[in-house]
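Chemist: These are the residues of each chain, in order.
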Amino acid sequence: MRRVSRLAAVTAAVALLLTGCSSGGTADDGRITLEFQSLAWQKESVDANKQLVKEWNAAHPDIQVKYVQGSWDSVHDQLLTSFEGGEAPDVIHDASDDLADFAYGGYLADLRDLLPAHLKSDIPQHSWETATFGDGVYGVPFLQEPRVLIANSKILKAAGVRIPTPEKPWSWEEFRAVTKKLSGGKKFGVAWPLKEPVSATLNLSLSAGGRMFHRGADGKVTVRFDAADQVVPRTVHDQVDTDGSASGATLGMGGSDTLPGFFAGKYAMVPLGFSYRQQIVQQAPKGFDWQVLPAPAGRDGLAQGVSPQTLSVAEDSPHKKEAAQFIDFLLRPPNMVRLALGDWMLPTGTEALKDPALHTEKHDWATGTALAGDLRSAPAQSVRGYAEWKDKVATPALQEYYSGSIGLGELRKRLVKDGNLVLARYQR
Amino acid sequence: MSRTRTGIRPSRPARAGQYLALLAYLVFLAFPFLWLISTAFKPPRELASLHPTWIPKDPTLANFRQAFDEQPLLRAAANSVLVAVCAALIAVVIATPMAYVMARHRSALSRAATGWVVVSQAFPFVLLIIPLFLILKNLHLINSLPGLTMVYVVWSLPFALWMLVGYVRAVPPELEEAAAVDGAGKLRTLVSVTAPLLAPGLVATALFAFITAWNEFFFALVLMKTPERQTLPVILTHFLGAEGVADLGPLAAAAFLATLPSLVIFALIQRRLTGGMLTGAVKS
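Note that the protein sequences, when read in sequence, are chains A and B.
If you count the first sequence from 1, you need to add 628 to reach our numbering.
If you count the second sequence from 1, you need to add 1344 to reach our numbering.
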């Protein structure tokens, strides 16, 4: 008997626990609930996001925002499924290089008529371009990071090399010469973490005037690999294979993987995203002296490509206007600064970029902020077929070139000849 | 048994070799787990050391504190336990009678069913997720633990069935015939005679279903939206950032805790898995 009643109690408890109900949309009293899916993941940045949501909710009792945590790792598949199922969050945090499919697929709202004029004018045109697909704008680019050289100050000082600044950066040739000077024994001037070689190469190539993707008069895009496109790949290749000034072992690594060697003094410099500073502050041995240097410059100065983080509105959202209002609130200059500081990145807004907190010497914020004006839309992110070109053609070709198993001629043949075959299929 | 009588025993070197191979295999299996434990107790500076050590030089519980501070691990674990246990139980309860019929009554229908089970395994889940999502949405089961449990039951059922059919076949039909002679009906035979003998099989199948549900990530990611209902594997990805950057210490700490339930369950029931309950049941 006792056993039976206990079983019944357990069953009832399980049933109670399992009973779920969905929420969202409009309640009976006319109150709106928006879902905001954020990909913030580090504590500082999650806290900043949650705090802003709290402030919004306090000020807007009729438009409540629910914070939903997403993950960078799986955001594309997760969003695609929720779009198809009509259950997507109203406000979506993502990155501009992930938006093309969703924008062309009609899942995201065109924001041109939804956003207020002051937000449109605060963010520069070259940033808007990162989220423009066809005629529409499908995301508000709000955080971005340049690739910079994080350097071991002690090694640079000891070698007596000229320290570059955003006003007077190294040229690519000078960079190559410096890394050669910094190398010797088992030490390398630079460690290129090139697990994802294509975006790094394309983005940095903008400085040398490399574009690789050219849109013809008929609107079709073709790949070329001219002298300007070759500057960056050649520099990396020569550092690894000719000068021995870059470690071949790090070519397959991600950024974080190079840090132990960097801290141990094995590499004098590592080209990394600006936000890696946070990891360095957290992980560097006590007394480790590091600094941020601008990436080398070329014919087009310090220009480089970026794919900023974006906020978008789902096309299916019944409350697009309110969602846009919330985005406007999140991206008011002081709020944009809070988000930027939380993620150790740069804001896109011109007002936000003026904030004193982004011009301090501490953790070299000033150096990064000085580069903001040179950031452009990553080449090719809106080219249809880019993803396949990248995965099937460019990634293996660049990896083999950098590791020395193929030469420049073969690289060129693959990127251009094989590459154009891929692109052609998407542009019939 | 006959081995000892006939005296065929592996020689000493062969035995040593066997143990050596077993040891090597154990090391191979244990290495990632031990490394995970070691990582979980290391402070950030040690994680970025060029010469990592097995034993943390400066062990800390900070990673665990941070993991619990930043993510609702306990609630996620409770969700995972609930979903996985329910899915395992339901799958076994449904699969047992099915397996019994399929093993004992061979007909065109049962053969077709077996075929279907095999075929159903061939569908990749990316193909299923969108229709499944739509079905669950119409049933208002998106973002609900019963919905997720249902998915896991359906997901593990074919293989659970497949496993159990094998176990049922191993039970000598003579025992059931004996029960029938004593006047037991089909259901009574299944409950009182076959099921107890199937215990190791039932346990193994339940374990399989449990582990499948416990580790499952993608369905949980897509179907559960509110943080209050997310399961552990989904919460674990919140320690990962863009471009493979990860908060390694807290991630390792949380992942270590997430593997504990499986380890504990295995430790508790492994004896059942190897039990030889049928020894001497029938003379053959």
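Quick caveat, the hints were computed from the structure, so don't treat them as lab data.
Accuracy of the hints is not assured; some may be wrong.
Quick list of simulated restraints, FRET-style, between CB atoms [to be verified]:
1. K1401/B <-> K671/A: 49 to 55 Å
2. G837/A <-> N1482/B: 51 to 57 Å
3. R1353/B <-> A892/A: 51 to 57 Å
4. N1559/B <-> P689/A: 49 to 55 Å
5. R659/A <-> I1613/B: 26 to 32 Å
6. R1419/B <-> R927/A: 54 to 60 Å
7. A892/A <-> P1357/B: 33 to 39 Å
8. R1450/B <-> G714/A: 43 to 49 Å
9. R1455/B <-> K671/A: 25 to 31 Å
10. V909/A <-> A1365/B: 21 to 27 Å
11. R1455/B <-> A877/A: 54 to 60 Å
12. P689/A <-> K1401/B: 40 to 46 Å
Residues from chain A that keep clear of chain B, each with C-beta distances beyond 10 Å, as calculated [unchecked claim]:
13. Q706
14. E715
15. K809
16. P961
17. K1018
18. G1035
Cβ atoms here follow ideal geometry from the backbone N, Cα and C, with glycine treated the same way.
Chemist: Compare the structure with each hint and give your call.
Modeler: Comparing the hints with the structure gives:
1. K1401/B <-> K671/A: 49 to 55 Å: Violated - the Cβ-Cβ distance for K1401/B and K671/A, about 25 Å, lies outside 49 to 55 Å.
2. G837/A <-> N1482/B: 51 to 57 Å: 55 Å, holds
3. R1353/B <-> A892/A: 51 to 57 Å: 54 Å, holds
4. N1559/B <-> P689/A: 49 to 55 Å: 42 Å, violated
5. R659/A <-> I1613/B: 26 to 32 Å: Violated - the Cβ-Cβ distance for R659/A and I1613/B, about 50 Å, lies outside 26 to 32 Å.
6. R1419/B <-> R927/A: 54 to 60 Å: With Cβ atoms ~55 Å apart, the hint holds.
7. A892/A <-> P1357/B: 33 to 39 Å: 45 Å, violated
8. R1450/B <-> G714/A: 43 to 49 Å: 45 Å, holds
9. R1455/B <-> K671/A: 25 to 31 Å: Given about 57 Å between the Cβ atoms, the range is violated.
10. V909/A <-> A1365/B: 21 to 27 Å: 47 Å, violated
11. R1455/B <-> A877/A: 54 to 60 Å: Distance hint for R1455/B, A877/A holds at roughly 56 Å.
12. P689/A <-> K1401/B: 40 to 46 Å: 53 Å, violated
13. Q706: 5 Å, violated
14. E715: 6 Å, violated
15. K809: Per Cβ check, K809/A is outside 10 Å of chain B; nearest 23 Å; holds.
16. P961: Per Cβ check, P961/A is outside 10 Å of chain B; nearest 24 Å; holds.
17. K1018: The claim stands: K1018/A keeps its Cβ more than 10 Å from every Cβ of chain B (closest is about 14 Å).
18. G1035: 29 Å, holds
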